[in-house]
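Make a model of the complete structure from these sequences and hints.
Chains L and B, in that order, are what the protein sequence lines are. Per the numbering used here, the very first residue in the first sequence carries number 1; after that it's consecutive. Per the numbering used here, the very first residue in the second sequence carries number 1; after that it's consecutive.
Check each hint, because a few of them may be wrong.
Since the list can't tell identical chains apart, any single copy or any two copies may satisfy a pair.
What the hints assert, rightly or not - With a straight-line cut-off of 30 angstroms between C-alpha atoms, the simulated DSSO-like cross-links for lysine-lysine are: (1) LYS231 - LYS211; (2) LYS238 - LYS166; (3) LYS215 - LYS58; (4) LYS156 - LYS5; (5) LYS211 - LYS93; (6) LYS93 - LYS166.
In short, the hints are calculated from the structure, not lab data.
2 protein chains.
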Amino acid sequence: MLDQKFTSALATIVPSSALLTEPEDTRPYECDGLTLYREQPGAVVLPENEAQVVAILKLCHAARVPVVARGAGTSLSGGSLPVAAGVVLSLAKFRRIVEIDPITRTAIVEPGVRNLAISEAAAPYGLFYAPDPSSQIACSIGGNVAENAGGVHCLKYGLTVHNVRKVRGVLITGDIVEFGADALDAPGYDLLALICGSEGLLAVITQITVKLLPKPALAQVALAAFDDIEKAGAAVGKVIAAGIIPGGLEMMDRDATRAVEQFVHAGYPLDAAAVLLVEADGTPAEVAAEMAEIREVLTASGATGIRVSNDEAQRLLYWSGRKAAFPAVGRISPDYYCIDGTIPRAALPGVLRQIEIWSREYELPCANVFHAGDGNLHPLILFDANRPGDRDRTVEFGDRILELCIEVGGTITGEHGVGIEKIRGMCAQFAPAALERFLGIKRAFDAHGLLNPGKGVPTLARCAEFGAMHVHHGALRHPELPRF
Amino acid sequence: MLDQKFTSALATIVPSSALLTEPEDTRPYECDGLTLYREQPGAVVLPENEAQVVAILKLCHAARVPVVARGAGTSLSGGSLPVAAGVVLSLAKFRRIVEIDPITRTAIVEPGVRNLAISEAAAPYGLFYAPDPSSQIACSIGGNVAENAGGVHCLKYGLTVHNVRKVRGVLITGDIVEFGADALDAPGYDLLALICGSEGLLAVITQITVKLLPKPALAQVALAAFDDIEKAGAAVGKVIAAGIIPGGLEMMDRDATRAVEQFVHAGYPLDAAAVLLVEADGTPAEVAAEMAEIREVLTASGATGIRVSNDEAQRLLYWSGRKAAFPAVGRISPDYYCIDGTIPRAALPGVLRQIEIWSREYELPCANVFHAGDGNLHPLILFDANRPGDRDRTVEFGDRILELCIEVGGTITGEHGVGIEKIRGMCAQFAPAALERFLGIKRAFDAHGLLNPGKGVPTLARCAEFGAMHVHHGALRHPELPRF
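Structure (structure tokens):
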């Protein structure tokens with residue numbers, strides 16, 4: 001709980017409609033897209049301009065009150081999970097598209113602007129914003145930057161960090177800072193990439209300059225069916241090894257395609273063990289040439305059928321299935337847990353086989369949907385939170401998948417961030433020398449650890465404690481903790 | 001000077017041939033490519049493996065001796081200027097290309113490997129390393145990473161930071177750390193971009209994983225002549241505004257082309273006020289289409305003549321002129337000072353006009369060579385250090401150009417880094433709140449400020465002092481200091 005004096009001070013900064021303190025008002029903010037974790041905040045404040053953000057942060061800094069910035073609340077790693085004795089700072093009112101400049105091909109936007117709204121605003125100029133998380137209808141660009149969001153087109157066009165030019169933000173001290181530059185390079189340490197993916201730990205973002213790209217003249221997507229999931233996994237590596245960088249290269253297994261097909265009727269083959277979606281974009285000549293190569297590689301890799309979209313409507317239909325995969329799975333299972341890990345492409349077939357084995361072992365169906373081109377897995381474990389034991393087995397199954405990701409040379413996150421979900425995994429992923437630097441950087445921005453505490457970077461004490469538990473129990477894993 | 005006990009301890013780490021302490025042996029290290037600044041180091045040590053680097057850094061850390069890492073010594077901002085009471089740690093013996101992997105399209109190299117040697121090693125696989133500083137025959141990849149080097153092909157393919165996947169380094173404490181990952185994204189703060197361009201202030205780099213790109217099937221370069229330098233400047237913006245991202249888009253004025261032509265006989269038109277080099281690369285069909293568009297835009301922009309390379313030999317000849325511009329100018333003038341600043345492309349014509357006016361005012365010829373596509377200027381001010389007053393006027397002229405870069409919305413460096421040269425400019429470029437974060441990050445890596453002291457990031461005290469001098473003299477600029 002927050003004390004009365006503090007909330008009264010907050011009330012002098014924003015109008016009363018922009019400050020929520022009653023439990024029934026703050027409840028909608030108790031979790032984000034990762035509903036496994038919930039916590040009601042002491043207050044939610046919704047500033048509408050930068051000066052208010054500055055005043056709020058100065059106040060929280062002086063009173064040593066934790067602040068969790070929140071965009072659309074679509075984080076899948078609990079990145080905007082509130083702190084009970086803290087403030088949620090919602091950027092929902094920062095919804096202005098300040099400028100679209102077709103000459104420099106940039107857009108200046110506020111953090112609350114929805115991802116898709118940027119491409120919509122840029123469309124009249126023949127431009128678009130490339131990173132396209134599946135939640136792009138809802139998720140906001142501030143959260144995309146905070147989590148360095150990906151999407152199906154990131155294989156070719158890069159993650160958020162590769163498509164952002166400048167970020168303006170406010171430090172916990174109230175100081176306004178800018179990261180990046182209008183130019184390609186900038187003097188000083190390059191902190192633009194640091195702020196991208198910093199998960200709200202370093203600054204509250206108030207304005208973002210993103211790059212826009214010319215919309216390709218044509219895009220076509222091939223939908224390839226495979227009778228064996230490992231063959232589909234191997235085909236992914238072969239496409240890349242052939243020198244093709246598709247606009248998107250996605251994979252879904254049978255459980256996923258079936259769930260999707262019932263939901264959006266995208267025209268996916270229901271008998272296939274797995275499907276690949278491979279997009280070619282560019283000039284019509286380029287697309288024709290690349291699509292011919294893609295067909296050749298897929299056929300040689302054992303595809304049992306290949307369909308190529310005839311027009312834009314069919315292309316969007318094929319993609320709609322992939323983009324709706326999470327809600328589609330949500331329809332057929334009371335609960336699901338989306339895992340996010342990354343592995344080298346060459347390890348795909350083996351990892352897929354192992355997930356299938358564990359799925360039987362844990363008696364939990366697992367639908368596999370993933371950004372295959374860059375090795376980013378999204379196994380969706382289907383469970384029922386009301387069935388005793390399901391939740392624990394789900395978490396254990398998920399942890400084993402992530403553990404396997406590290407073992408084969410990958411990482412514990414592809415695009416969803418660390419958040420609260422994978423904080424302990426960071427102890428396994430990084431050596432103390434690296435974590436110490438992370439903590440030093442945190443101190444340089446936020447000496448008292450007030451911005452989004454408990455997320456992103458674990459303290460060394462926490463890692464030690466985590467390690468100690470391992471030893472104490474004489475096993476690799478504490479029974480109640482995800483193991484890594 | 002370093003004390004005997006310290007150098008004796010150094011001698012236990014490396015063989016005697018790898019430790020230089022005599023003034024005649026350390027003299028070659030007194031400066032790098034920016035010869036305006038010189039300082040002889042107390043010792044030069046040339047380790048040949050990472051374990052020796054660790055031992056050297058631990059020793060320096062314990063004894064609080066400053067360390068300046070050095071690659072090929074081609075820095076143009078004094079990035080590897082030694083410290084008198086310090087050690088130069090040369091990475092010259094780290095010359096192994098550890099691995100070229102055509103499947104993942106990466107190369108693992110040691111920091112002393114020359115930039116061009118990577119592309120040479122990758123050529124049998126049809127791959128190349130894209131960033132190509134003009135010094136690429138000599139400069140080494142470790143220095144490229146430390147300075148985030150650019151080059152003529154960076155407009156399309158990005159700077160060093162965009163072409164590096166992983167960096168391994170040793171902290172001043174002797175801890176080994178890795179930045180980046182094999183995957184597209186990585187958990188934790190993204191420190192890969194931070195280490196790129198950190199100018200030797202955070203870690204000593206021992207291994208680098210770079211991305212390799214497929215060599216385009218065809219590349220052609222158009223050489224366009226203009227009778228007016230502002231028209232050439234405006235044409236640059238028009239090419240980009242037309243939606244073309246050329247492989248390279250370079251500009252040289254008459255002084256530069258004449259100097260070059262005498263040196264390499266590249267076939268440049270000597271009567272032109274300025275020439276543009278515009279490259280198209282890709283499949284033959286793409287190149288033909290893009291080159292037609294380029295011709296159209298250049299003609300509409302007032303080009304008086306356009307020649308397109310007929311074959312690879314001619315393409316390389318056209319580029320050889322641009323790449324040899326600095327040594328060519330070095331042949332016709334006793335001394336020259338290369339300025340490195342970046343401006344918005346739209347500001348090119350106006351900035352060029354102003355440089356011409358100042359050139360007459362200071363009575364110092366100025367040859368303009370630059371990466372026009374990304375607005376990165378390299379005015380070369382010709383002077384004679386032995387002529388009284390020339391050096392001071394040169395520095396003043398250069399500072400005014402950089403000051404103008406900031407005024408028009410640009411920055412004080414495009415690709416050469418801050419080093420010792422532009423350390424005071426950082427006080428003008430960044431607000432104290434940003435500099436404080438820079439210093440905090442420095443502390444997180446190097447609490448005692450031992451790695452490359454005095455470069456890259458100025459202390460706030462230095463900025464204050466610099467500001468105070470301004471005020472004390474009642475003018476914008478201290479007479480002996482570059483003003484910003």
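Right, here's what the structure says about each hint:
no.: 1; hint: LYS231 - LYS211; result: between (37 angstroms within a copy, 27 angstroms between copies)
no.: 2; hint: LYS238 - LYS166; result: between (36 angstroms within a copy, 24 angstroms between copies)
no.: 3; hint: LYS215 - LYS58; result: neither (42 angstroms within a copy, 53 angstroms between copies)
no.: 4; hint: LYS156 - LYS5; result: neither (52 angstroms within a copy, 55 angstroms between copies)
no.: 5; hint: LYS211 - LYS93; result: within (23 angstroms within a copy, 40 angstroms between copies)
no.: 6; hint: LYS93 - LYS166; result: within (20 angstroms within a copy, 38 angstroms between copies)
The structure is inconsistent with the numbered hints 3, 4, although it conforms to all the rest.
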